[in-house]
Structure formats: C-alpha cells, structure tokens
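Q: So you can see what is in the structure, the chains are spelled out below.
2 protein chains.
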Amino acid sequence: MPRATAATEKKVTDLLKRQTLSVTESRKRILQLFLEQPGALSHGDIEKRAGGMFDRVTIYRTLQTFVDRGLIHTIPSADNAIRYALCKDECGDGHHRHEHIHFVCTECEQTFCLDEVVTPVIRLPKGYSTDQIEILVQGKCKQCTVAERR
Amino acid sequence: MPRATAATEKKVTDLLKRQTLSVTESRKRILQLFLEQPGALSHGDIEKRAGGMFDRVTIYRTLQTFVDRGLIHTIPSADNAIRYALCKDECGDGHHRHEHIHFVCTECEQTFCLDEVVTPVIRLPKGYSTDQIEILVQGKCKQCTVAERR
DNA sequence: AGATTTTTGCAACTATGTTGCTATTTCGGT
DNA sequence: ACCGAAATAGCAACATAGTTGCAAAAATCT
Ligand SMILES: [Mn+2]
Ligand SMILES: [Mn+2]
Ligand SMILES: [Zn+2]
Ligand SMILES: [Zn+2]
Numbered sequence: 040m041p042r043a044t045a046a047t048e049k050k051v052t053d054l055l056k057r058q059t060l061s062v063t064e065s066r067k068r069i070l071q072l073f074l075e076q077p078g079a080l081s082h083g084d085i086e087k088r089a090g091g092m093f094d095r096v097t098i099y100r101t102l103q104t105f106v107d108r109g110l111i112h113t114i115p116s117a118d119n120a121i122r123y124a125l126c127k128d129e130c131g132d133g134h135h136r137h138e139h140i141h142f143v144c145t146e147c148e149q150t151f152c153l154d155e156v157v158t159p160v161i162r163l164p165k166g167y168s169t170d171q172i173e174i175l176v177q178g179k180c181k182q183c184t185v186a187e188r189r
Numbered sequence: 040m041p042r043a044t045a046a047t048e049k050k051v052t053d054l055l056k057r058q059t060l061s062v063t064e065s066r067k068r069i070l071q072l073f074l075e076q077p078g079a080l081s082h083g084d085i086e087k088r089a090g091g092m093f094d095r096v097t098i099y100r101t102l103q104t105f106v107d108r109g110l111i112h113t114i115p116s117a118d119n120a121i122r123y124a125l126c127k128d129e130c131g132d133g134h135h136r137h138e139h140i141h142f143v144c145t146e147c148e149q150t151f152c153l154d155e156v157v158t159p160v161i162r163l164p165k166g167y168s169t170d171q172i173e174i175l176v177q178g179k180c181k182q183c184t185v186a187e188r189r
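Protein chains in written order, with this note's numbering: chain A, 40 to 189; chain B, 40 to 189.
Read the hints as simulated data drawn from the structure, not as lab findings. Nothing here was measured: the structure is a model prediction, and the numbers come from that model. Hints should not be assumed to be uniformly reliable.
Repeated chains share a single entry, so a pair holds when one copy, or any two copies, can fit it.
[Unchecked claim] Below, in silico cross-link-like pairs of lysine-lysine (BS3-like), each with a Cα-Cα straight-line distance of 27 Å or less:
hint, residue 1, residue 2
1, Lys181, Lys165
2, Lys179, Lys165
3, Lys181, Lys49
4, Lys127, Lys67
5, Lys127, Lys165
6, Lys67, Lys165
7, Lys181, Lys67
8, Lys67, Lys179
9, Lys56, Lys165
10, Lys49, Lys179
11, Lys87, Lys165
12, Lys181, Lys56
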C-alpha cells in the first residue's frame, strides 16, 4: 500500500477543496485511508493505520469535520466503536441523505455499505414519526463466503 | 417510585429462579429497574438509578449474565452507549430470537422496543448471508408527539 | 448449621471520547 | 515570496465505557 501516489494525492486534495476545507496532512491521509479501503473504519482503525502520525484528538476532530461536511457518515454498532464510511454524492455540507443498508461480517469483522440495497419503508404505529432509518445486517460477506468455498 | 413492593419483589425473584440464577440484591434491583420502565437502559442509566448501591463492575457483570440467559437484549446505537431491554418469551439460555425494531426518540432520547413492528426481509446481493437484522428508526415517539400537541 | 459454590467489591488497567489552551500550519492578499 | 489573520494540530487533563484478577461476602446445597 503506497503512502500516496500523485494521483490519489490530487484526488484527496480536490475533494477537500471542493468542501472549502484547508488541505492538511491529517485530512489528506485520513481521506486517503477511506479511499483505499472497501470497508468502514473506526477511530481506532485509523489511528493504527496512520501509524501514530497524528494525535488522537486530531483524528477525532477530522472525523467530525468530515461528518459535518458530508464527506463521511457514521454507522452504529453493538460493540461501542462507531464506524465511518465515505458518503456518495448526495451528501453535502450539513446534510446527509442515505438510503442504503450496512452489513457487518461476523468472519472478517468488517462493516460495509451495501449501496445497492435500499432501506425499505417501515410502517410505525400511530403517533410515531420517522426521521431516519438505519438497517444493520449481520452475516457472512461476499469475500468470506468465497474464501470458505475454496 | 417505590423501592420494591412485595409484588414486584416476588416477580423478579421468580424470573431469576426460572433461569436458575442466584437471587441477589443487585440482580433483583436491576431487573426491577427494567420492569418499572418502558424504555431501554444503558449501563450509565442503571448506575444512576441504582444510586450508587452497586459497584460498576457488578452492574456490567449482571447485564452480561442477563444477556447470556436471554432475560435482556442489547440495542446498538450511534452514541457509543449500548442499551439493554427486556426480552419477551422467545429468548432463553444462550439464544435470542428477536424480530422487532427499535425506535430512538430525538426528543426524550429514549429507546423503545416496538414489538408490534416486525423486521422485514432484506434481500442481499449474491454471496452475502444473513444471521441477524437490526433496525433502528429515529424520530419522535408517541408520548413526545402527544406532549407537543398540547 | 456448615461446607461449597457463586457473586460481589475493589484495584488496576485499557479503550473511547471531549475540552481548553497554545503552537503551528494554511491561506488569502500584497 | 512574504506577511498577517484564521484555521488547525498537538498537548494536557479530564470524562465515560468496559475488562480482568483476586479476596471477601453472600447465596445455595446438603
Ligand atoms: Mn454507509
Ligand atoms: Mn428490543
Ligand atoms: Zn467478511
Ligand atoms: Zn420521546
């Protein structure tokens, strides 16, 4: 895994500038980590992968900034470690619009956005209103299923 | 809110004995807290409501025991505080079977099990298998909607 | 009631997340 | 390229969440 090719360097810089965010080392590196990785990342994952390059607080603040700007979104979990994943186009400064589900693999422990699976409508009892729906499916992911079949 | 009426005292004792669990002060009190409360409780909630009566570790261990025996189940969250709620009949020693959704109210911040709302089937792409589905709906709950209408 | 088993409380530790403050970096204008 | 203002990073200190080992206390069994 290369530190940063000229191409990805440009890509993350452009992404940051598009959100009128200052281009800093930590923001570039953290954004790059998300781009070069299929699954979601927790704060701890990022800390490890960045190899002590940045302060813990900087990582927390960078993640929060990215969430605020609609670059990444949070994924709830049952193990008390919020995960983050890249947003697609629809999200932006101050607003998120997600209609996909999240998949947690019990084998590789990774969390994925399944963008092609749309969240169904949930009919609630009278008196309840819906702001947002989050669907977490737990099971075995594609890669792990294939690996097992070998 | 009474400490423990004779009736609830008997009820929690019976529940514990049915699971062949020793009947202790902490288990009785924590179970009682769940029974006298409509929403889910986090470890922190229980610590506060028990008023320093028990050690933090005891509460953690009691909750884990209750989860293992199928008395309560966990509810994932986006705020890094796992919540717990009573199971209905279907769950037991070593197994949980839940098909209801969870509702998080943005007003009162409470989390509720909506037992009457059944989780829909989620069709996944080829290669993925499903163990468990967790649905979290965020919005305004019944009580808060009524309160607003006043 | 006494022996045995289970549970509790304490201490010590790790992980996760937040806030205030100062030094450093980024960026816009010259 | 350089300067000043504004934004960001790092540090320290703190708060909350969760875990483990061990000895004392209690619940259960006979
Ligand atoms: Mn997602
Ligand atoms: Mn529930
Ligand atoms: Zn997997
Ligand atoms: Zn409410």
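Q: All the hints need checking, so say for each whether the structure fits it.
A: Now the hints, each set against the structure:
1. Lys181 <-> Lys165: So Lys181 and Lys165 pass the 27 Å test across copies only (7 Å; inside, 39 Å).
2. Lys179 <-> Lys165: Cα proximity of Lys179 and Lys165: across copies only (11 Å, versus 36 Å in one copy).
3. Lys181 <-> Lys49: neither (31 Å within a copy, 50 Å between copies)
4. Lys127 <-> Lys67: within (18 Å within a copy, 49 Å between copies)
5. Lys127 <-> Lys165: Answer is between: at 22 Å across copies they meet the 27 Å cutoff, but 33 Å inside does not.
6. Lys67 <-> Lys165: For Lys67 and Lys165, the Cα distance exceeds 27 Å both inside one copy (47 Å) and across copies (34 Å).
7. Lys181 <-> Lys67: Cα proximity of Lys181 and Lys67: none, with 30 Å in one copy and 44 Å across.
8. Lys67 <-> Lys179: neither (32 Å within a copy, 38 Å between copies)
9. Lys56 <-> Lys165: neither (45 Å within a copy, 38 Å between copies)
10. Lys49 <-> Lys179: Close neither inside one copy (35 Å) nor across copies (43 Å); limit 27 Å.
11. Lys87 <-> Lys165: neither (47 Å within a copy, 32 Å between copies)
12. Lys181 <-> Lys56: neither (35 Å within a copy, 43 Å between copies)
Taken one by one, the earlier hints fail for this structure at numbers 3, 6, 7, 8, 9, 10, 11, 12, listed in ascending order.
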